[in-house]
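> This is what each chain is made of:
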Amino acid sequence: MQQEIDLIAAPPALSPGGYVAKAYADRVQPATKNARVEVVRQGAAWRIALSWPCASPVLSLGDDVDTFVDAAAVLTSSKADTSWMTMGDNGDAVTGVFWRADQEALTGIHAEGLGTVDRLPPPDGVRATSEWKDDRWILQLDFDAWSQLDQQQQIAVAIWQGAERDRGGLKSVSPGWISVAA
Amino acid sequence: MNDATIYPSRRSFLKLAGITAAAAATSSLSLLHFNYSQASPEGLGARNPNKMGNWQDLYRQRWSWDRVAKGTHGWLNCRSACNFDLYIKDGIIVREEQTANYEASEPGVPDFNPRGCQKGACYTEVMYGPGRLQVPLKRVGERGEGKWEQISWDQAYKEIAEKMVDIIVEDSGDAIVYDLGPHFDHGPTSRGQGALFRMLGASLPDDWAEIGDLSVGATLSLGLPHVGGSSDEWFLSDYLVVWMMNPAVTQIPDAHFLFEAKYNGSELVVIDPQYSATAVHADKWLPIRPGTDAALALATAKHIWDTGRMNLPYVQEHTDLPLLVRLDTGRYLTGADLEDGGSTALVHVWDPERAEPVPAAGSPDNDDQPKLSIEELAPPIEGQFEIRLHDGTEVRVATVGSILREHLDPWTFENTAEVTDLAVEQIRQFAEGFSKAERPMVLSSWGSNRYFHSDQMNRAKILCLSLKGAIGKKGAGYHATGWIETGGFGGSGFLGTLGLISQLDMGKLFDLAIDKVRGRISAEKFKWEFGHEASKELACMTNSASMNLKYQGIRDDLDKEQEGLYPRPLTEYDREARERDWMPVFPREKIRAWVTGGNNVLRRSNLPQRTLEHMWPKLDLVIDINQKLTFTGMHADYLLPAAGYYEKHGIKYPVAYIPYLHFCDAAVPPIAETRDEWRISWDLAAEIQRIAIERDLPKLDGCGKFPVDLKTISDRYSHEGKYGPHDTKAVTQTFLDNSITTEGMTVDSLEKTGVAKFKAAGGPGAHDQCFNTDWKGEGVLDTLTHFTKYKWPWLTRTGRQQFYIDHPWFLEAGESLPTHIESPKAGGDYPFHLISCHARWSVHSIWRDDPMMLRLQRGEPALYLNPKDAERLEIGDGDWAVISNRLGEFFMRIKHSTMVRPSVAYYFHAWEPHQFPNHESYKFVTPGLMKPLHFAGGEEGQIRWRFAQWEPGTHVQDTRVAIRRRDEGAQDAISEAGEV
Amino acid sequence: MAKRQIAMVLDLNKCIGCQTCTIACKKLWNTDTGTGYAYWNNVETLPGAGYPKEWSGSGGRTSDGEVKRGQIPTLDGEYGRAWSFNHDKVFFRSGDGGEKKPWLRPDRKAQWGANWDEDLGAGEYPQENHYFYLPRLCNHCTHPACLDACPRAAIEKREEDGIVLVDQDRCNGYRFCVEACPYKKVYFDPQRQVTTKCIFCLPRVEEGVAPACARQCPGRLRFVGYLDDEEAPIWKLVHKYGVALPLHPEFGLEPNVYYVPPMSPEKLDSEGRPTGESRIPMDYLVSLFGSRVKDAVKILEDEREKRKSGNPSELMDLLIAYDWNESFALESNRKEVI
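Taken in order, these protein sequences are the chains called A, B and C.
Here the first sequence is numbered in my numbering, starting from 1 and rising by one per residue.
Here the second sequence is numbered in my numbering, starting from 1 and rising by one per residue.
Here the third sequence is numbered in my numbering, starting from 1 and rising by one per residue.
Accuracy of the hints is not assured; some may be wrong.
Claimed, not checked - Residues from chain B shown here face chain C by an in silico Cβ test under 7 Å; the list is partial: (1) Tyr-59; (2) Gly-116; (3) Ala-121; (4) Ile-252; (5) Ala-282; (6) Pro-287; (7) Pro-290; (8) Ala-423; (9) Thr-746; (10) Asp-849; (11) Gly-859; (12) His-914; (13) Gln-915; (14) Pro-917.
Please keep in mind that the hints were generated in silico from the structure rather than gathered at the bench.
Only a predicted model underlies this, so the values are computations on that prediction, with no experimental measurement involved.
Ideal placement from N, C-alpha and C gives every residue a C-beta, glycine not left out.
Based on the provided sequences and hints, a complete structural model is requested.
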């Protein structure tokens with residue numbers, strides 16, 4: 001599967017707490033307009049390549065306090081109709097991996113609704129390689145196996161542009177689940 | 001030269017020294033916080049919070065410790081003393097916090113807790129900081145070049161001892177200068193260094209006045225300069241005048257009493273050209289023109305007199321206002337005038353009934369009335385009389401009061417407003433408030449002595465208080481920092497049981513003793529005279545200013561700066577004072593070695609470029625025994641790393657502000673190869689004795705006063721072996737055992753409490769300045785009741801508070817009475833008055849380079865300008881400026897501040913020259929004037945040299961400079977360094 | 001809503017700007033690399049831009065109660081970096097051909113710091129120049145903007161004492177709390193990549209020991225205790241006499257740190273005559289503490305007048321704090337023994 005996806009801004013109104021939803025209500029345009037997704041299945045293994053435009057990459061925080069690094073997440077659902085924009089729901093999880101430009105290891109993600117993201121140790125059997133060139137990030141994730149994806153055959157992506165101060169719910173996301181069926 | 005011997009960098013040096021723990025502490029102390037076991041905060045045991053349960057336990061573990069010790073900042077020239085708990089983990093003191101175990105002195109007065117300041121609360125930053133010396137170093141490049149090799153202590157001792165012995169053999173002991181102050185304590189450190197260098201016959205310069213701290217005005221007026229009780233006495237005043245002091249910055253632990261007094265109903269007035277951190281809390285701030293304080297005081301004195309609010313009985317009894325002065329000579333009318341062979345010391349008052357002069361009560365040589373009294377005669381303070389002298393001459397005499405009143409006449413509010421740049425109404429309100437007060441009090445700090453004519457300002461201020469009867473009255477008077485004597489300094493600490501008492505001038509002491517036995521003088525006066533005699537005769541004490549004038553290459557500069565100010569050039573006064581033996585000046589012939597216990601002479605001296613050019617090359621040996629690197633250390637030959645304040649036993653020098661003894665525990669062992677000074681001196685004494693015996697040296701000369709026996713110096717240092725190199729605890733206990741002020745105190749108990757309230761204010765030596773024999777550790781410590789309650793004469797030439805000085809030099813100069821004289825323009829006639837303030841962020845140069853402190857400033861020295869001045873000069877906030885006068889120029893960044901008076905430039909002092917481009921600070925343009933009159937001597941009263949009482953000093957506050965924006969394109973040290 | 005609320009009162013008439021509080025806090029909590037720039041407690045000179053620079057009102061709420069978007073201050077420009085210094089180079093020059101006489105200075109040009117405009121103040125000398133010191137710490141607000149801002153619910157206001165804490169495990173370092181706090185009292189630690197803030201010295205308070213900033217204050221200007229403890233100074237100063245006021249009440253967060261407003265010497269007229277009016281403009285105090293500050297100042301002045309004429313005043317006695325230990329009314333099984 002290979003696909004060019006137009007991303008949308010995750011609706012700030014969905015952010016938990018009283019602040020982000022209101023303070024960032026005007027943030028309706030995605031910081032990352034689009035992304036290219038390429039998914040290849042080889043037996044049990046999955047290779048997911050994600051690339052997106054990024055003119056000003058942020059590779060580390062350094063000792064600064066007001067910078068945010070570039071990041072991306074690839075998730076799959078528990079059910080075919082798991083709610084993506086809310087990061088799942090109680091008893092209906094979204095799971096996947098989270099990549100940050102300043103970290104070697106990936107972080108596992110498990111969420112069952114807004115504000116419930118748990119960060120988990122990096123899942124076994126998944127490797128990331130990333131490269132920034134020609135004003136684009138190219139992130140390649142190699143899963144030895146991803147049984148949840150085997151079942152659901154759909155992913156969603158989220159991208160955070162550090163230079164645009166994306167973080168948390170301030171992100172560009174796929175408008176919904178993307179089928180990875182070949 | 002072998003590269004490996006050059007000190008490469010501090011980090012690798014730490015490895016060399018093999019001190020992993022301390023090194024870790026220095027670079028990343030904080031990392032250790034999370035790894036400790038814990039305990040209960042009860043008592044002084046360890047604190048062990050719960051095992052790691054959740055993230056909150058990270059914080060709980062951070063506030064934990066293995067043990068707690070007591071400490072304070074002993075070998076530090078800070079007038080405060082504050083008890084601290086030292087929290088120790090894995091052998092490192094991770095932080096300190098005030099113990100706060102003081103009690104209120106008496107009901108109705110706030111307590112002293114929790115004394116401390118931001119410096120004391122992070123001394124560990126200095127102790128484990130980047131300026132700390134850790135191993136003995138020997139210079140391998142040129143002086144000041146920054147090239148060092150690490151040497152062993154044994155090598156250091158051997159080379160230094162041999163050099164010092166050579167110097168004494170070739171010349172004499174006084175060719176070695178041991179820079180006495182301003183760092184000192186009352187414990188083993190002062191005892192160790194003081195005793196060693198005293199026995200070597202080394203020159204011991206008293207720099208009290210040199211650094212501008214001596215209240216000469218108080219000495220002239222009261223006979224003693226260090227006046228003042230405990231700081232909670234401030235709370236009792238109803239009219240508090242902070243007059244040339246900034247307690248909110250320089251007396252941080254005590255400042256609260258001022259603002260609490262305000263809540264208690266007192267009026268708080270701050271007189272300062274600067275809208276200081278103290279002034280912001282005042283009821284009234286008087287933005288006086290710099291250097292005109294005497295004028296304001298004279299107007300106030302006149303107002304007190306004019307309004308009849310003078311305390312007449314007090315004035316008659318305690319002051320010189322009723323004393324008679326001969327109008328033909330200007331001298332006091334004495335017994336010698338009235339009777340052939342009469343006493344020149346015996347002064348007189350007018351007896352209206354007998355219509356003739358009679359001896360003044362309390363006058364020296366008035367055996368009938370040795371004490372002050374107005375019971376039999378309340379002498380008039382105004383009047384002019386014709387009298388006949390014993391030789392038949394008819395002369396007119398007048399009371400000091402009459403002369404003074406006439407002298408005060410011109411000081412109307414209007415005239416005073418002209419001089420001080422204050423409004424008439426402001427002066428009137430102040431004078432009204434002062435004159436109506438029941439307990440007026442003036443806080444006048446050491447910093448009030450840094451103008452050329454500071455003596456005049458303080459004489460005038462004291463006059464106002466005397467007219468109100470406030471001096472020696474509880475809750476009123478003059479606060480200029482009093483002292484409590486202990487055994488560790490002036491008394492047994494200095495002399496010890498060294499067997500030197502026999503060297504005193506026993507004839508003189510015998511006379512004194514007879515006076516005492518006959519009740520002509522008090523026990524305190526006897527002690528006072530004895531102590532001063534001892535320090536004069538048993539040590540090669542010199543006053544610093546005279547020594548500097550002789551050796552630092554500044555004579556021409558000062559003669560030029562002071563040209564025309566007095567009838568003769570400064571150096572003529574100096575010459576006369578030396579010829580008449582008024583001022584002791586050592587070394588006599590040659591200066592060959594300079595040894596300092598961290599006193600940083602090249603930082604504190606004025607015109608240090610002259611010292612470096614003229615004096616430094618004469619020195620064969622420069623040693624800095626110090627915990628940290630300083631500008632002086634950078635120009636030394638040997639750096640001997642000393643233990644820090646928490647690493648050795650000590651007794652903090654005791655000022656009266658806080659009448660508790662403050663003990664310093666050796667809470668942790670000295671880091672790396674550092675050693676405490678008692679031991680360093682012990683080891684040096686042993687090495688010197690070994691060499692002397694080896695060379696079979698005869699008794700040598702010190703400074704012509706006493707023989708120097710190097711073959712027994714170690715035996716005497718150690719009291720015939722009684723005190724070993726590690727016996728600082730026993731030495732400390734000995735001091736405690738030898739003073740009535742510390743009666744019953746034990747080191748064992750102080751290890752637990754850190755402090756103990758003094759049992760008395762006056763100890764065994766000459767440094768008791770409280771003169772309150774009733775105070776036994778209970779109640780607010782008020783002072784000078786010896787004179788006001790017990791009516792003993794004041795320690796002046798007349799036995800009275802003295803406002804008329806009839807010394808010929810004073811008469812010649814027209815300064816016999818308190819008067820206002822304009823501040824001379826030192827450095828030339830330039831538009832800015834450069835004024836030094838004591839720093840909030842350092843105690844002199846300690847903490848000055850500490851990153852934690854610098855981050856709360858601007859990282860670099862700053863010169864404060866009023867924003868309007870800065871705008872006119874087009875110097876932005878933070879920009880570099882060039883500051884210059886005829887003595888030179890230096891660079892400093894400008895800071896804007898509305899507290900600054902236009903045409904004044906303030907710096908907060910003690911920046912090291914190496915914190916400036918070219919290593920040149922404001923000191924390089926500050927001549928440090930010396931008032932010629934302070935070289936005077938030859939009187940039995942207050943005008944005679946005595947340690948820390950009467951001596952010439954230097955005055956930095958008269959310096960004038962030009963300030964201009966640094967040209968951005970300039971090729972200079974700043975551009976070379978790539979700085980902007 | 002917490003069941004009880006711990007609170008602090010700071011008497012600005014006693015603050016001397018010595019920053020012992022700043023150091024007490026710094027030494028205890030913020031000596032790690034990532035928090036070098038961070039001062040949970042700082043003291044700033046007002047009027048002034050403060051720390052971080054121009055912090056006031058970035059975030060919080062409008063007067064209508066609407067959430068305002070805030071900014072994250074920058075390290076060099078607004079907080080001020082914890083500069084390193086060149087001691088080694090200055091003291092131990094090894095002839096490596098570097099600067100001949102390097103002087104001791106920060107490793108980079110200093111642009112701002114936690115106390116940058118110390119003693120700057122405002123107004124024409126000598127008529128009306130003025131300044132005062134304002135110590136600041138987290139206000140442990142009743143309605144904390146930081147708590148509201150965290151999409152992770154990582155910020156908690158404790159039931160038992162109302163202390164506001166950032167859960168160091170849950171925090172993801174998004175820094176919405178840093179933005180949202182109009183007092184700018186939440187700090188990001190770039191090393192640990194979490195935000196941190198004043199914990200009201202939680203481990204000490206648990207043991208009945210006052211926070212380090214309060215207990216180490218030599219100016220004796222801080223009172224600590226529970227707002228509902230009618231026996232203790234806090235309640236009396238805040239409620240009984242109404243002289244202790246929160247900073248910027250208009251931010252709508254109901255701070256639990258209160259200030260006794262500063263009095264100041266008399267202004268002078270153009271001829272230098274005293275005017276009887278305080279140097280610090282009342283309008284300025286109102287802009288900081290709200291309009292109630294007028295009453296507070298009046299009460300302080302009236303009570304002081306009482307005392308001047310020899311009458312008792314409980315308020316003055318409280319502010320004098322005769323027995324310093326009584327400034328801290330914390331419930332604990334332990335006394336002040338540390």
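> Each hint: holds or not?
Evaluated hints:
1. The criterion of a C-beta within 7 Å of any C-beta in chain C is met by Tyr-59 of chain B, whose closest approach is roughly 5 Å, and the hint holds.
2. Interface restraint check: Gly-116 of chain B against chain C, minimum CB-CB distance 5 Å, threshold 7 Å, status holds.
3. The beta carbon of Ala-121 of chain B is positioned within 7 Å of a beta carbon in chain C (closest approach about 5 Å), and the interface hint is therefore held.
4. For Ile-252 of chain B, the interface hint holds, since its Cβ comes within 7 Å of a Cβ in chain C; the closest pair sits about 5 Å apart.
5. The interface hint given for Ala-282 of chain B holds, since its Cβ lies 5 Å from the closest Cβ of chain C, which is under the 7 Å cut-off.
6. The closest approach between the C-beta of Pro-287 of chain B and any C-beta of chain C is roughly 4 Å, which is under the 7 Å cut-off, so the hint is satisfied.
7. Proximity of Pro-290 of chain B to chain C is violated relative to the hint, the smallest CB-CB distance being about 13 Å (cut-off 7 Å).
8. Taking 7 Å as the C-beta contact cut-off toward chain C, the hint placing Ala-423 of chain B at the interface holds, the least distance being around 3 Å.
9. Violation of the interface hint for Thr-746 of chain B is found here, the shortest Cβ-Cβ separation to chain C being roughly 22 Å, above the 7 Å cut-off.
10. Interface restraint check for Asp-849 of chain B: the shortest CB-CB distance to chain C comes to about 6 Å, inside 7 Å, so the restraint holds.
11. For Gly-859 of chain B, the shortest C-beta to C-beta distance to chain C is roughly 4 Å, which falls under 7 Å, so the interface hint holds.
12. The closest approach between the C-beta of His-914 of chain B and any C-beta of chain C is roughly 5 Å, which is under the 7 Å cut-off, so the hint is satisfied.
13. Of the supplied interface hints, the one on Gln-915 of chain B holds, with its beta-carbon coming within about 5 Å of a beta-carbon of chain C, less than 7 Å.
14. For Pro-917 of chain B, the interface hint holds, since its Cβ comes within 7 Å of a Cβ in chain C; the closest pair sits about 6 Å apart.
Consistency note: the structure conflicts with the earlier hints numbered 7, 9.
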